[in-house]
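Participant: Sequence:
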Amino acid sequence: MAGNKDNHQTNKITGMASLKERLSGLRVADLQEIRKKLGIKNISSLKKAEFIQYLSEAIPFLLSNIISQFDERRLSLIKDIIANKGVISAKNLEIEEMEYFDKTGLMFTGFRDGAQIVMIPLELLPSLEEIVQDKTILSDVKRNTEWIKITRGLLYYYGTVPHDKLVDLVEKYAPIRSDYSAFNYVIFDAMEYYQEFYIDKYGYSYWEVMDPLVILEEQASRKNLDYYPFTKKQLLEAGEMNYVERPKGYSQLLSLLMREYRMQKQEATELVETSVIHVKLGYQPCQLLQYIQTKLIFESLDAVQKLMDVLVLLMNNTREWYLKGYTSEELAAREKKALLPLPEKKGEVISLQTRQKVGRNDPCPCGSGKKF
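Quick note, the sequence shown lines up with residues 1 to 372 if you use my numbering.
Hints may contain errors.
[What the hints assert, rightly or not] Mimicking BS3-like on lysine-lysine, the simulated pairs with C-alpha atoms at most 30 Å apart in a straight line are:
1. Lys172 <-> Lys142
2. Lys223 <-> Lys336
3. Lys48 <-> Lys142
4. Lys91 <-> Lys142
5. Lys91 <-> Lys37
6. Lys135 <-> Lys37
7. Lys20 <-> Lys48
8. Lys36 <-> Lys20
9. Lys142 <-> Lys223
10. Lys248 <-> Lys337
No lab work stands behind these hints, which were simulated from the structure alone.
Full structure from sequences and hints, please.
Facilitator: Right, here's the structure in full:
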């Protein structure tokens with residue numbers, strides 16, 4: 001974690017450091033990370049002191065560009081730091097977020113009185129106070145937030161999406177084409193900040209996808225099945241940090257674990273949420289039962305049956321990556337609808353030669369010479 005690697009430098013901080021002083025506490029490798037993120041070129045060969053001087057002069061002029069790539073969570077964080085005169089506690093932040101801050105060039109992690117903090121050098125606060133109220137910046141941040149949440153929501157439900165498909169899918173809910181390069185930058189930056197989805201040669205994947213190729217092959221085997229048509233509201237909800245799907249069977253399994261197996265709510269919740277992810281990963285009922293057997297002790301076959309009844313309910317109603325976001329229940333309903341019973345009225349047979357209706361006593365069109 002970025003805060004830990006700097007512990008020996010920052011745990012003695014008693015006041016707010018200037019930008020130059022804060023940069024001086026970083027390694028050359030960390031300074032290079034800042035340079036890359038800010039898109040600054042042709043200064044890699046500078047000595048450390050020259051490197052720090054260059055960055056300390058350039059960063060104040062790049063603040064608007066940096067903030068314009070943020071989403072509402074990061075903008076809110078900046079506002080909190082401004083309101084608290086440059087420093088806030090990091091107790092409500094994720095480890096992944098902390099690892100990101102030192103690369104921004106304007107926010108830094110550290111320790112104060114034994115507690116981890118996030119700080120902004122005092123000389124940057126006046127400029128940032130104006131930037132976070134700029135209407136253009138606020139519009140960009142709102143757009144970025146939708147892009148990130150919709151992307152995260154799509155990957156939560158579909159697992160893996162090929163490179164060329166993601167833009168098409170997001171475009172259904174929010175415009176991208178005119179800002180394609182901005183979209184790419186925002187999504188790549190969000191990958192680094194949230195670490196809840198990633199990109200590789202197969203496409204974009206939710207962070208818990210272990211083998212994107214398997215998911216893509218399973219999805220491709222269902223050629224006549226399109227991606228489930230989620231609403232924008234559904235995707236924005238699934239795009240929230242730490243979102244967990246709670247399908248039918250979720251509360252029943254949680255209640256059973258707490259009632260029958262005396263599990264604490266937090267422990268039971270973790271087991272249910274892990275089970276949901278396993279269903280998304282394509283676990284079969286026997287595989288899911290085997291996993292849960294590592295956590296529970298069954299006293300009878302009746303106990304196993306009672307658990308399996310709830311697991312099947314959960315599995316049938318969880319949206320699966322192999323099924324392009326559909327549940328097994330939904331696909332079963334689709335197939336049942338496609339196999340409608342034949343109408344009670346008897347069908348009419350048409351002769352392929354005459355194109356006329358074949359009557360009861362007419363010669364059979366099969367050519368046998370017998371009556372139809």
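Participant: Now, for every hint given, state plainly whether the structure supports it.
Facilitator: Results of checking the hints against the structure:
1. Proposed proximity of Lys172 and Lys142 is supported: the alpha carbons are some 17 Å apart, at most 30 Å.
2. Straight-line distance between C-alpha atoms of Lys223 and Lys336 comes to about 18 Å, which keeps the hinted pair within the 30 Å bound.
3. Between Lys48 and Lys142 the CA atoms are separated by roughly 37 Å; this puts the pair beyond 30 Å, and the hint is violated.
4. The suggested pairing of Lys91 with Lys142 holds, with an alpha-carbon distance near 25 Å, which does not exceed 30 Å.
5. Note on Lys91 and Lys37: the hinted pairing holds, with a Cα-Cα distance of about 25 Å set against a maximum of 30 Å.
6. The straight-line distance between the Cα atoms of Lys135 and Lys37 is roughly 24 Å, inside the 30 Å bound, and the hint therefore holds.
7. For the hint linking Lys20 to Lys48, the alpha-carbon distance of about 12 Å falls within 30 Å, and the restraint holds.
8. The suggested pairing of Lys36 with Lys20 holds, with an alpha-carbon distance near 18 Å, which does not exceed 30 Å.
9. Using a Cα cut-off of 30 Å, the hinted pair Lys142 and Lys223 is violated, with the two alpha carbons roughly 36 Å apart.
10. Proposed proximity of Lys248 and Lys337 is supported: the alpha carbons are some 22 Å apart, at most 30 Å.
The structure shown violates the earlier hints numbered 3, 9.
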